[in-house]
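There are 2 protein chains.
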Amino acid sequence: MLSAEKRLAFELVKTDGAARLGRVETPHGVIDTPVFMPVGTRASVKSLTTDQLSRLGSQAPSTQHSAPGPTGPQIILNNTYHLMLRPGVDLVEQLGGVHKFMGWNGAVLTDSGGFQLYSLASIRKIREEGVEFRSHIDGTPYFLSPETSVGIQTRMGVDIAMAFDECPAYGISHAEVEKSMEMTHRWAKRSLASRTTSALFGIVQGGVHLDLRKRSVEEIAALDVNGAFDGIAIGGVSVGEPKEEMFEVVNYTAPLLPADRPRYLMGVGTPEDLVNGVAAGIDMFDCVMPTRNARNGSLFTSEGKIHIKNARFAADPGPLDPNCSCVTCTTVSRAYLRHLYVNDEIAASVYNTIHNLSFYLDLMRAIRQSIASNSFSSFREGFLSRLSRDQNL
Amino acid sequence: MLSAEKRLAFELVKTDGAARLGRVETPHGVIDTPVFMPVGTRASVKSLTTDQLSRLGSQAPSTQHSAPGPTGPQIILNNTYHLMLRPGVDLVEQLGGVHKFMGWNGAVLTDSGGFQLYSLASIRKIREEGVEFRSHIDGTPYFLSPETSVGIQTRMGVDIAMAFDECPAYGISHAEVEKSMEMTHRWAKRSLASRTTSALFGIVQGGVHLDLRKRSVEEIAALDVNGAFDGIAIGGVSVGEPKEEMFEVVNYTAPLLPADRPRYLMGVGTPEDLVNGVAAGIDMFDCVMPTRNARNGSLFTSEGKIHIKNARFAADPGPLDPNCSCVTCTTVSRAYLRHLYVNDEIAASVYNTIHNLSFYLDLMRAIRQSIASNSFSSFREGFLSRLSRDQNL
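Protein chains in written order, with numbering that gives the first Met the number 0: chain A, 0 to 392; chain B, 0 to 392.
These are computed hints drawn from the structure, not numbers from a lab.
A hint or two may mislead.
Copies of one chain are not kept apart here, so a pair can be met inside one copy or by any two copies together.
[Said to hold, decoys possible] DSS-like cross-link-like pairs, simulated, lysine-lysine; straight-line CA separation at most 27 Å:
1. Lys178 <-> Lys242
2. Lys99 <-> Lys304
3. Lys45 <-> Lys308
4. Lys99 <-> Lys308
5. Lys308 <-> Lys213
Full structure from sequences and hints, please.
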């Protein structure tokens with residue numbers, strides 16, 4: 000149990016090379032890391048009921064999956080930007096917070112809204128004080144600042160809030176990225192000063208410039224306003240840069256982060272990105288890929304990625320993934336999943352989401368198991384070589 | 000257990016006035032009647048996984064729901080027309096039949112395709128032999144006859160097939176309805192002659208003309224080609240006629256049907272229609288209303304029908320229906336359901352479908368309970384008076 004004054008506790012259980020096995024204690028349960036957080040943008044992990052969400056992953060424990068932690072997700076991510084627009088923070092607070100709102104008993108992390116401002120909103124003005132913007136839905140004007148963002152996340156009752164940052168676009172100059180990063184640092188300090196009941200993670204920026212990333216880690220990690228950040232994230236990646244450049248940043252930055260706090264790589268990524276992120280020392284991930292791909296019929300399997308619409312699955316009686324024991328893989332065939340998809344049945348999105356998220360959750364369990372047994376390196380090697388073999392089929 | 004040569008067995012357990020409590024034994028389990036069959040048009044009850052389908056209804060048994068039969072559905076309906084177009088009967092048969100195709104262990108009834116021919120397809124020619132038509136999806140030509148329809152249903156492995164009939168439009172003359180009915184009777188005989196392993200129900204037609212309905216019952220009930228029909232349905236209702244006219248037909252026709260076989264009222268209806276249908280002596284119902292309404296945000300509750308989009312639910316922390324213990328009502332609020340609906344979240348359809356079908360299933364359980372305890376008449380009175388009170392609110 001967390002003591003009353005503590006918002007979050009992190010225990011580094013063991014390491015295997017740079018890979019870390021950990022436990023994050025929150026007011027809504029323990030999270031075994033490395034962990035993947037399904038994205039529930041508007042307090043809904045798209046296509047699933049919260050009941051289904053909690054049942055995700057392998058149905059029956061097996062030796063393959065006997066890793067630390069349960070099969071279902073222990074933490075999900077919600078989007079501050081989307082929730083402040085609809086249904087609005089007042090309503091979420093009045094209804095008892097995001098957990099009660101969506102009937103979710105696990106932990107919740109929210110982003111700060113910063114990323115969505117740059118990707119979705121119509122921005123009126125970015126000032127030192129904060130950002131004036133208009134809703135992408137109906138043009139309503141809003142204002143977000145470090146204080147209002149952390150305030151909103153706290154009022155929604157989340158376990159982990161994120162500092163309000165500016166996310167610079169890929170391709171702008173070193174000087175512009177530096178200027179943006181410096182504002183992120185000033186905003187980080189104001190975010191930290193606003194922390195009350197929710198744990199708060201700082202965000203490292205700096206684009207693809209390693210010197211800036213180093214400075215950013217040093218400044219964010221050192222911040223102390225009634226305590227340091229409860230965890231630190233690498234932000235501003237997966238914004239259009241080539242995959243190699245992203246991993247150059249991640250591989251350089253992750254080891255610089257304090258070892259005694261959770262490390263979160265924001266918005267990443269593919270299954271191989273998760274494996275490579277863990278190899279760099281990352282503890283937490285989130286990405287819309289498994290849920291979004293599911294709705295588009297693009298499915299992750301232990302034998303590679305497939306598109307269920309493909310005619311070769313029309314009469315395929317086998318399970319989507321013979322090595323998966325999720326509800327989808329144990330109850331229906333590839334032929335049935337293709338039938339649902341080509342006929343635009345809503346259940347296609349449901350079945351596909353159940354599987355893709357279960358695949359991600361099972362992968363993280365397998366990763367944790369391999370770290371626990373000091374075999375992460377060979378696990379990674381096997382995983383990546385299977386992947387490249389399957390892609391060459 | 001059904002004996003090897005039997006396709007279906009019906010036991011009339013008891014009556015309470017005209018209302019009947021019964022048991023229909025099929026190769027895929029026993030069905031407690033009166034029963035409502037959720038509609039799974041393309042081998043998918045829209046918005047739900049088969050796993051969710053099997054978990055529908057009240058989650059915990061209570062005195063209120065201690066009625067004969069489980070809370071989940073014991074039988075569903077699939078559409079022959081839709082399945083013969085996509086994915087095609089060859090594929091369904093090759094994949095082991097509809098049960099295996101959709102991972103469903105309960106019973107399956109299919110309609111004959113007759114109704115969809117008149118409502119959806121582009122008909123080329125109706126002849127004595129059968130109907131030439133083109134798919135409403137891609138124009139592919141098909142042919143359906145009594146023999147091919149029963150053959151397709153049988154090849155899909157359904158528990159109960161329906162005879163191939165012609166469904167006359169509402170508003171045509173007595174002479175035209177009579178002519179159509181006579182063809183339905185000739186087709187009924189050919190359907191019955193085609194029966195092999197699936198049970199087969201005959202269909203009574205005759206439009207809104209009671210003299211024709213009487214003749215139709217007499218001819219369909221008397222048909223005997225290696226045995227009589229395993230059950231008899233009232234077809235050709237709910238095709239545009241006023242509700243009063245429909246119930247004039249049902250109230251007149253149902254008592255004429257043989258008491259020793261299941262009686263099925265096709266395509267009906269609202270909750271009050273089900274209660275009134277049971278009062279007329281009907282055993283089986285199907286309707287797209289609970290699933291279609293769910294997707295449109297129109298929800299059935301013990302306090303009347305509501306539209307979840309209504310702004311008065313925006314901050315409503317209460318359950319959708321305080322008297323329901325389905326997953327939706329026990330895990331999320333009206334405010335959350337409205338939030339999902341107005342944001343076009345797929346989960347809105349899922350939650351709403353879970354509830355609407357659970358409402359129907361729970362209603363049928365309550366009906367069975369009231370017949371078992373000889374109180375159906377007062378149950379019906381209370382139900383209809385609550386309904387008219389709620390509609391006057």
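List of violated hint numbers, smallest to largest = Hint 5 is the one this structure does not satisfy, whereas the remaining hints hold.
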